[in-house]
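Asks: Here are the chains, one letter per residue:
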Amino acid sequence: MFQAIALYASLIIFGLGLLYKGSTWFRYRMGKDGRKTPTSKRVSAAFTGILSTVFSVRILILAKVFVLDVVLQVRVLKEDILRWFMHICIYGGFMLLLLMHALDRFITSAVFPDYYSTVNPFMFLRDLFGAVVILGILIAVYRRLIVRAPRLVTNAMDHYAIVIVAVVMVSGILLEGAKIVSYSSYKRMVEEYSGLEDEEELRSLEAYWVKTFGVISPHLGGPFDEKTLEQGKELHEMSCAECHSKPQWAFTGYGVAKIIGPAASWFRQANVPGILRYVHVLACLIGLAYLPFSKMFHIFASPLSLLANAVMERGRSTPANIATRQAMELDACTHCGTCTLHCSVGVAFEEIPNANILPSEKIASIKALASGRKLSQREHRLIQEGVYLCTNCYRCTVVCPVGINLQDLWFTVREDLLRKGYPEFLSLSPLSFYRGLMREEIGEEDYGGALARPREAILAECNLIKREDKAITLTARDRELPSGLSLSAQANTFSVCFGCETCTTVCPVVRNYDSPKETLGLLPHQIMHACGLGVRDLAFGSNMLWDCITCYQCQEQCPQGVSVTDVLYELKNLAVKNVKEKTLQQTGRGS
Amino acid sequence: MRFALFLGCTIPARLNQYELSLRAVLGKLGVALVDIRAFNCCGYPLRNISFKAFVLSSARNLALAKKKSLNVMTPCKCCYGSLKKVDHLMKENTALRREVNATLQREGLEYEGGVEVRHLLSVLFHDVGIDSIKKEIKSPFDGLKIATHYGCHVLRPSQIVEFDDPVAPSIFDQLVEVTGAESIDWTTKLECCGAPIWGINDELSMDLTEKKLRDGRASSADYLCSACPYCHIQFDTVQKVILSKRGNNHRLPSILYTQLLGLSMDVDREALGLEMNQIPIDGIEGFLSEQTVTTNDGR
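In the order they appear, the protein sequences are chains A and B.
For the first sequence, counting from 1, position 131 maps to 131 in the numbering used here; every step adds exactly one.
So the numbering used here is basically just the index in the second sequence, starting at one, shifted up by 1000.
Please keep in mind that the hints were generated in silico from the structure rather than gathered at the bench.
Glycine included, C-beta positions come from ideal geometry on N, C-alpha and C.
Where hints are given, some of them may not hold.
Unchecked claim - Cut-off 27 Å, straight-line C-alpha distance, at most; resulting in silico cross-link-like pairs (DSSO-like, lysine-lysine):
#, chain 1, residue 1, chain 2, residue 2
1, B, Lys1052, A, Lys577
2, B, Lys1067, A, Lys78
3, B, Lys1240, A, Lys32
4, B, Lys1052, A, Lys582
5, A, Lys32, B, Lys1245
6, B, Lys1211, A, Lys517
What the hints assert, rightly or not - Residues of chain B placed beyond 12 Å of chain A at every Cβ, according to the derived structure:
#, residue
7, Glu1092
8, Gly1108
9, Asp1127
10, Lys1211
11, Tyr1230
Input sequences plus hints: build the corresponding full structure.
Replies: Right, dumping it as structure tokens:
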């Protein structure tokens, strides 16, 4: 009764969970197209898209992807044989157990009319599949906790996934072991199937089972004489063998039985088999009910992601469908860490400790963002920095085992984030090159706005540069600036500048403007001088700093050996560090 | 001749024709390339923001190459400049090296030095040699005028990058001329392409590029030629933006050096990815002559 209620309850939660999660794919609004199109249009566009694909030659592509990437998981195989083996063990073994063992009343009995869970091959196969899953779990634990690839993050959800599968499997095996030694199970079978009534015969059969099959009897312990065993064997072959293979075939459970044998009477008193049964069934039902909300939901979303990405492409597919696909991809991620392992800039995480730099963590943050969770400005800016710190090399997309178009996702989210109006200082670096190539798609207003904001934020910290006369007051000097330029030996060469202006003369940026001072603020030689004087405001607030093209003409031609370009590089580092910390602190106070 | 090929981030994602053509050409010239999948970004785009992240990025790549006992060859001039700069910094600054190595050791790597960083052009010039290349030229160009673009980050700072004479370089010109083309004199030859500022200050970037296009055309060049993904994308994709925003006056298509060399070596045009250029360069095939002509090196 309890079991039936629990089963139906978990099925209902599971079903509602699927509906809820599926609906987010059409409700989450990411990117221009995602915001523009209402949910109803997205649903109808998805139907049209799916129908027009299924009834076209592209069905062949889908079939191919289904076999190779979904069933055989070739993309995982290409990445790492051990991981592929691990996943095939867990998913293959678990699926087979689900079909043959958990759903035996519906599936196995229907396919094989003489099915009994206690008869081979079913008895053996159940244990084999279980052992295969356990092997997979052990490899997963080894990978997550022992090898630990660089920058692989293991979160609570990863632990949950391993634990829930492990509990289901281990409790199942223990239960089987407990049943093998269980005298009451033996009694029940004898009563149900043997039809024996003669005391002696019953004792012979029992003796045979105790001797050969590991049953622990409270009455009989052996040793038994040959004759009793002989009679027991005969009775066994007559009444039992047809429906019960030797328990040794259930090798994992039999192993457990051998270990727990001595404690069998205690087990019986404490009703351990009953408890194990509850643990096993409850773990299955909890896993089922929580599946749509856990990373196990990838069982549904990942195949869909693989299939959708095989036939969809930005520019060719309906924008509404791209938006839906991107929302779905957030659920398809299994947090396997392949993208992070291959990320071109993942190594930067060691110096810029923002987990959002790592693609596998970035996608988790984007999920929170898409769900509409209220983020503080600080959280928002950290995601923004993580999304911007990307060379758009497409490696993450190429290696993703579930085919998520991560690069496309970063692009969509980057513009959404920037539109919020917080400054992104990374936009003052060549990381902006790719964004520049996409400017048509972004739209002029959003494009330019995002570029202006970091300069404005830096300027806001530079009071002196706003003064018309630029007269330097003595107090405005920052004595730490000259000594702060210390990242490399080249940076303090500014001190030998004698103001000959060669750097400024050869600078192609300066040459580009009719009145360079108005556009650029301080010119290169003046910035060198400003470093010596410690007038931080003038150095940081000059456009020259951010418009430097790093062509090294100034440095190459300096007669004094001033590493002008290298000094400018360090000034940029300092300016950004300074203003980034300041603006983040302000937001920390809850604004 | 065996090198670890350091493609960087831009080429695999946005400039397939460069990878295709360089593999085709170097294969014929007997240069073996080894791919190291674990290579990461050279750090160039991070240098404005985080010096340490920049150094760590390049140092990790050098450590990976060292592990395989290979010298590094890169077809990107910004990657080249970064790898060279970091190699120099790590040699010169022991405190920095110790700090970076402490981070690298966490993934079992160590920067030890001893890895040579080379640009594709210097490998072609010094290791393969003009004479060997000349032997492979099957249909040299005839009457083709090329505006050779050196690229800043191989030339300067010259003490660190050690590519060629920073004031009067000739390696690239000689490599262009071995194909039978003429490498013209033009005043902005050694100037910036504008790419480093593209996406940050587009007007300035387009000004700088346009200046080069104008100068190239005024010096009667038929094509620009570069050997760097950033320079090429600037002259190709960004030029397209310039043409649409600022008019067609200074149109000057750009070809990658490996495409130019490949054409004169009779490499299959499919393998050179000519079609992938944004501004069409089919016209250049009209300059190919039928029979082999000996060219002098021009300098």
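Asks: Hint by hint, note whether the structure agrees.
Replies: Hints, one by one, checked against the model:
1. B:Lys1052 / A:Lys577: 12 Å, holds
2. B:Lys1067 / A:Lys78: 23 Å, holds
3. B:Lys1240 / A:Lys32: 25 Å, holds
4. B:Lys1052 / A:Lys582: 20 Å, holds
5. A:Lys32 / B:Lys1245: 24 Å, holds
6. B:Lys1211 / A:Lys517: Satisfied, since the Cα-Cα distance of roughly 21 Å is no more than 27 Å.
7. Glu1092: 6 Å, violated
8. Gly1108: 9 Å, violated
9. Asp1127: 25 Å, holds
10. Lys1211: 8 Å, violated
11. Tyr1230: 7 Å, violated
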